[in-house]
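Enquirer: Chains as they are written, first to last, in my numbering: chain A, 1 to 134; chain B, 135 to 444; chain C, 445 to 1111.
Quick caveat, the hints were computed from the structure, so don't treat them as lab data. You may find that some hints are simply not true.
Unchecked claim - The calculated DSBU-like cross-link candidates involving lysine-lysine, where the alpha carbons are at most 30 Å apart (straight line), are: (1) A:LYS19 - B:LYS401; (2) B:LYS239 - A:LYS19; (3) C:LYS453 - B:LYS166.
Stated by the list, open to error - Not close to chain B: a few residues of chain C, all C-beta gaps over 10 Å, as computed: (4) GLY595; (5) TRP612; (6) LEU983.
Please read all numbers here as calculations on a predicted model, not as lab measurements. C-beta: ideal position from N, C-alpha, C; glycine also.
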Amino acid sequence: MSATAHPLSQAELLDQENKRYHAFINLALFLSVFTGVEIVVIFLPFPPAVLFTTLITVSVIKFFCVILWFMHLIYDAPLLIILFVAGLVLAAGTMVALLNLMARSDVDPGILHDSSLVIRATPADQIMNGFTVV
Amino acid sequence: MSDAAVLAHADDSHGSAEAHVEHATATGIDTKKLVMWLFLASDCMFFGTLISTHLVYRKVYPYGSNEKGVIDIIKTFDIQLTSFSTFILLMSSFLMALAVSAMHKGQIKSFRRACIGVMIFGLIFLTGQVYEFTHFFDGHAVYTFSVRTAAGESISSTYEGPADQTRAKADLARRLFRDHPDWLAVPTTANAADKALAPAAQLARHPDWIVPAMKQVKVEKPSLSMQNSVFGSTFFLMTGTHGCHVAIGVLWLASMYLYSFTGRMQKNMHGAAIDIEICGLYWHFVDIVWIVIFTAVYLVEYIPGYNPVQ
Amino acid sequence: MSSTLVHDKTELSVQRSGLGLPRPDRFVGWRDWATTVDHKKIGVMYGAAACFFFLVGGVEALTIRTQLARPMQHIITAQLYNQLFTMHGTTMIFLGVMPLSAAFFNFVIPLQIGARDVAFPRLNAFSLWTFFAGASLLNFSWFLQVLNIIGLLNPVDGRTDIVPGGGWFGYASLTERPYTGIGTDVWVLSLQILGVASLAAAFNFIATIINLRAPGMTMMRLPVFCWMTLVTSFLIIFAFPPITIALGELLFDRTFGTNFFRVEGGGQPIFWQHLFWVFGHPEVYILILPAMGIVSEVLPTFSRKPLFGYPIIVFSGAVIGLLGFAVWSHHMFATGLGKVATAAFSLLTMAIAVPTGVKIFNWIGTLWGGRVRYSVPMIFSLGFVWEFMLGGFSGVMHAAAPADAEQHDSYFIIAHFHYVLLGGAVMGLLSGIYYWMPKISGKMMNQKLGYWVSAMVIGGINVTFGPMHYLGLIGMTRRTYTYLGDKGWNDWNMVCTIGAFVLGIGIFLCFMDLVVTMFSKNRDCGPDPWNARTLEWSLPSPVPAYNFARLPIVSTRDAWWMDKHAGIPIEYDQADLSHGVHMPSQSWMPMGAGFGFFMFGLGIVLMSAGIPYCGYLAISGLCTTTLFIYLWALEGPGGYHLIVPTESTPPSPTPARSRAPVAVSHH
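Turn these sequences into a full structure, and let the hints guide you.
Expert: Structural data, given as structure tokens:
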């Protein structure tokens, strides 16, 4: 807890902690249910795009629920949220950039021993880049 | 907050040289808590890089390796075990929140109970990881083999064991030797040094002296190792680092648990509550990293089309 | 209790820590320095190490330049040349500029924010000793190389590059097991250890600047040097994790045969480049921002004007830090990233020139209309503005990817980064040395020599690296240990070498003067020889152990200047000082933990060399570190109380009229 100019009395402290206790129980149940949903849904016959979106959404919800309640951020100073989100955004941004920078077509086709996976550039691209199709 | 009120606390020494002097902070946030949140922000980049490595290589190598057939991730994974581990870690997070809450209320006995709970669940998680890793590393395959008994007959049978042929042969040879030590047949062409060894040592060096022929029939779970594929390298480094973080967390919790018996915590309950809270922050962070890893590494492999072998 | 309330710490009675061991508070001499948690002493030790390693890196550079002075020389072998440029880069960046910046962070920040020490004094000491561990491991490789030459150390892989020779950027696949020797292991482990040191220090400084400011010191009243330290520390905590992972992956490739960058296993070496430069680009901003902060202190002081556009300078610094994470692939324009990626990184790199330019304009605005005093620190700061700008111009030229295709891996790049690093970071740091030395030691450096040094350094930089722009554009490539004599490069290479020696002599003279000044017995320059603006100049020189007897209550930016000249006196906290001021206890534990890292690194290196049982050395190193961290936690913070002078006014400032315009040396 922060060193405020008006520290809470013992009774107020107990009351606050007990309210949070109920929040924790609810959150634990909620997390269990959502994890179960995730595990079940991947085996259901939905299109992959729907599955991806569901998984990512559910994970993000679980992620932020733990941060905000178990880690007390919602009860704490805004500065802490800003600091953590800064790191999170940088990490996520770097991840997205790296995923977009490396492509399957960058891998030397000679070492992929299944040619159906090789994505060849179209002849037009290759001429623009100064290469010719081998 | 007025500057005068802040200053009233500024140099408030408590007399004893051992007392922890509390300074009012410029933001009102406890400094240790601030540093822990900074550390967690930094750790986001740490795990972000590890997960990026894994995902980039997943994108570039759909089979997880530059050669098709080296690994088959879906067959190797055991989603039930991993789901169980995930539940365990989530529940440990819940217990951790209870532990922190207990310390804020000044209830050391409740804290100790919750703390033990978190440690036990953490250890269950780690056990699950170790079990998972050894089973991934071993894989599972079916072999047929033939063996010569002491009487000179040749028996054929099947054996189920590790996917790696060398290890499977050694394992089978050990089992057979344990039950029938007299089946070990030293060939006449063996060199003098080998003939002079004790039977157990001879077995260790030459498993084929008891199992002359062994053939792999079916690989039910290909072995996943750090060396045999890119997926293996990225997977084990990432989950291994996470496991190390959990282990450090368990050690930290054990230290706090033992420390609660020394009587020093009771002298400064407010400081102790902050210390437990930052331990809790670390533990919860390890949990949310697992949430991301579980989804981005395990669950997505089951989505049709993500993995071309599906 | 009275035994812990003393006038001087040598009067303390023996205090026992939570472990029952005596606390090392009463020592003077080397044990005082070894166990100190005082940010000022830690700063001095960082500075001393940095100056030493600057000279080491300088010798490496001069050897390179000697080799290149004339075509087709074979003064040194090609392998030694590779090792020299690797060690020169690694030493200058990690053991030269970063610790010298850390020295200033340590010494100056608590004084400028009105605090008595940093947030976690023992963690501060831990950063220092871990830094020493990493620095020692890296340079211990020279000793191991000598052992190899005389035949006492024969690595099992048969390779003889025991000093790292893979470049300071360690590109895979060159750094994989088949192609380089244990030098690469030395490099990887040293950087990991140095990374731990930097991270610990960065967490400490962010906590200090955010939480330990004096009352009334809002964020927008902070000196710009504090702001730049804050941004640099954030860069450190976000940039070092990727390199930690990349180095770890390389180490696993080399030691355990994983496939992160090993082509035969499917690894993609380009991924090393990505991960390295995700760290590497913020790293160069880590190198330059502290120097920019120093210049932002020196220019207003010697123009006798406030910093022009304070909020914009702070904001630009933050934007540079943020954008610094978005431009890393401009180091990889020649790798075939593709049209979209190249264009994106090119644009972002050009964008980052904008806040930098804004800062330059603001510095010029600070000078404009001021009554400029050309003191030695001012000469260096003015030199910074000019030289860094030149380096920035060549940088912006690199940002244009088609031009970079020509410039990449040529001497043009070497010219660029030496202008920004030497003409930028080092000039700013030299300015800081001359500026703050009176505060650190109580004595001015030799100003006349300082002018000569500035002439040699500025002249040397331009003579050495100016011609390299031309050499690069006519085709001289980097990292080649010799060259043919018929390409038209000969004369300019000789010029560069001469310039390098002039530069080296200048730096050497500066450091000799520094040592003489630090060891001098006179402490006669007074608290405020420069008539400066910020809080540290309100304290006696050298600064007493407790910094401020009474904490200042700040009501404006440049509070000390306002107190002296604008009639806005600094109020001082009127807390009851009869119990003295609380001082943190000293400790052996941070040093022990740092030493454990050295054992760990050495163990892994020797294990890679094939020496038996060295794995146990590594493990015992980690156990040592863990043990000392446990002891550190268990011994408790401790502390004692120092009786301080309780007059409620600061030492009276020297009246402006009686102060000479430029501090003239009397030696």
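Enquirer: Minimum Cβ separation between GLY595 of chain C and chain B greater than 10 Å?
Expert: holds, 33 Å
Enquirer: Taking C-beta pairs only, is LEU983 of chain C more than 10 Å away from all of chain B?
Expert: holds, 18 Å
Enquirer: Just to be careful, I want the Cα atoms of LYS19 of chain A and LYS401 of chain B compared with a cutoff of 30 Å; is the pair within it?
Expert: holds, 27 Å
Enquirer: Are the Cα atoms of LYS239 of chain B and LYS19 of chain A separated by 30 Å or less?
Expert: holds, 12 Å
Enquirer: Could you grab the alpha-carbon distance between LYS453 of chain C and LYS166 of chain B and see if it respects the 30 Å cut-off?
Expert: holds, 28 Å
Enquirer: TRP612 of chain C: least C-beta distance to chain B exceeds 10 Å?
Expert: holds, 20 Å
Consistency note: the structure conflicts with none of the earlier hints.
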